[in-house]
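Position 159 of the sequence shown, counted from 1, bears residue number 159 in this note's numbering, the numbering being contiguous throughout.
If you're looking for bench data, these hints aren't it; they were derived computationally from the structure.
Just so it is clear, the structure is predicted and the values come from calculations on it, not from any experiment.
Note that beta-carbon positions come from the ideal geometry of N, C-alpha and C, so glycine has one too.
No false leads were slipped in.
Keeping only pairs whose Cα atoms sit at most 27 Å apart, straight-line, the calculated DSSO-like set for lysine-lysine is:
#1 K285 / K188
#2 K60 / K186
#3 K65 / K51
#4 K60 / K94
#5 K188 / K65
#6 K81 / K51
#7 K269 / K259
#8 K90 / K74
Restraint ranges, calculated between C-beta atoms of paired labels, are given here:
#9 K259 / R189: 18 to 26 Å
#10 R281 / D196: 17 to 25 Å
#11 K285 / E45: 33 to 41 Å
#12 R274 / V198: 15 to 23 Å
#13 E214 / K285: 47 to 55 Å
#14 K215 / E173: 50 to 58 Å
#15 A194 / E275: 19 to 27 Å
#16 V198 / R298: 49 to 57 Å
#17 E177 / E45: 15 to 23 Å
#18 D200 / D250: 19 to 27 Å
#19 R197 / D256: 17 to 25 Å
#20 R197 / R276: 18 to 26 Å
#21 S164 / K84: 28 to 36 Å
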Amino acid sequence: MPSRRSRSRSRDRRPRRRDYSRDRSRSRSPEHRVDLPNHASPISESDYFKKFDELRLWLKEEKGKYINELTSDKTRSYFRKFVKAWNRGKLSLKYYEGLDSSSVLASEQTGYKWNFTSNQTRADGNALRSAREEISAATNARDSSSHAGSSSSGTRVLGPTLPSASDLTLAREFEVEREGEERRYKRKRDKMEAKDRVEDMVGPKSVGREAMLEKKQLRRDNDRAFRERGDDGLDMDESTTMGGGDSFKDRIAKRDAAKRRFEHKAEEKNVAIRERANAIREKEKATMDMFQQLAKQRFG
Numbered sequence: 001m002p003s004r005r006s007r008s009r010s011r012d013r014r015p016r017r018r019d020y021s022r023d024r025s026r027s028r029s030p031e032h033r034v035d036l037p038n039h040a041s042p043i044s045e046s047d048y049f050k051k052f053d054e055l056r057l058w059l060k061e062e063k064g065k066y067i068n069e070l071t072s073d074k075t076r077s078y079f080r081k082f083v084k085a086w087n088r089g090k091l092s093l094k095y096y097e098g099l100d101s102s103s104v105l106a107s108e109q110t111g112y113k114w115n116f117t118s119n120q121t122r123a124d125g126n127a128l129r130s131a132r133e134e135i136s137a138a139t140n141a142r143d144s145s146s147h148a149g150s151s152s153s154g155t156r157v158l159g160p161t162l163p164s165a166s167d168l169t170l171a172r173e174f175e176v177e178r179e180g181e182e183r184r185y186k187r188k189r190d191k192m193e194a195k196d197r198v199e200d201m202v203g204p205k206s207v208g209r210e211a212m213l214e215k216k217q218l219r220r221d222n223d224r225a226f227r228e229r230g231d232d233g234l235d236m237d238e239s240t241t242m243g244g245g246d247s248f249k250d251r252i253a254k255r256d257a258a259k260r261r262f263e264h265k266a267e268e269k270n271v272a273i274r275e276r277a278n279a280i281r282e283k284e285k286a287t288m289d290m291f292q293q294l295a296k297q298r299f300g
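Between the sequences and the hints, there should be enough to build the whole structure, so can you do that?
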């Protein structure tokens with residue numbers, strides 16, 4: 001039976017534990033808000049499309065990754081880390097000052113080098129650069145007006161309607177998917193070409209029933225040659241020593257037929273590859289024409 005002194009100690013200990021928990025709850029303070037550089041506002045995961053250019057540059061410089069080489073889930077995961085770094089003020093000052101989408105080069109999106117970019121003239125490059133600057137300026141102006149409120153005395157901009165921010169985002173995502181598909185197709189084509197080069201050097205390998213029949217024929221020929229030899233093992237005719245005979249000619253004919261079949265299939269593959277390459281070049285030309293037409297409408 002517990003003594004009176006032990007019961008009094010347990011009663012004294014319980015209120016103190018409750019007071020301690022109340023003190024801990026009162027000691028908790030809300031998370032301290034960091035003053036971000038350039039008076040920037042905190043962001044959240046819902047700003048994914050708004051901060052797409054910043055995320056793309058951050059992945060390239062800080063993580064050494066290209067955004068078009070990541071899955072959608074992986075990109076979202078990296079954006080959550082980007083949001084935390086942004087709200088803690090740990091990013092470079094240029095991110096808080098705002099990035100011009102025209103300054104984010106295509107090399108920040110992918111490590112793949114396009115051949116058609118080296119063939120464009122300086123005038124085409126200037127027109128594309130001007131179009132990007134116009135689109136970026138319109139997008140930034142639209143974002144600023146949505147935060148500050150509509151102005152009662154704004155001047156109306158004359159000229160063709162520029163793409164909205166959502167249109168630019170959709171076009172950007174489409175371009176990322178197209179580049180990923182092109183990269184996968186290029187890897188597959190390189191593997192096929194490497195395999196074709198190996199088969200050209202060593203010849204096509206017989207497979208299936210044809211290979212099995214060739215092995216049986218070779219074994220029968222060897223057995224027949226062994227039976228027809230003399231006891232001393234030197235009684236061999238010229239066809240055996242020089243590789244003649246109907247069986248040898250049959251194997252040569254089969255090899256030539258297999259080689260012709262292989263060359264025919266290789267030609268069909270090359271035609272398909274050329275057609276696919278022409279289709280891709282047509283898409284690239286259509287994209288270039290669209291940007292040039294936009295520049296002409298804007299600048300005359």
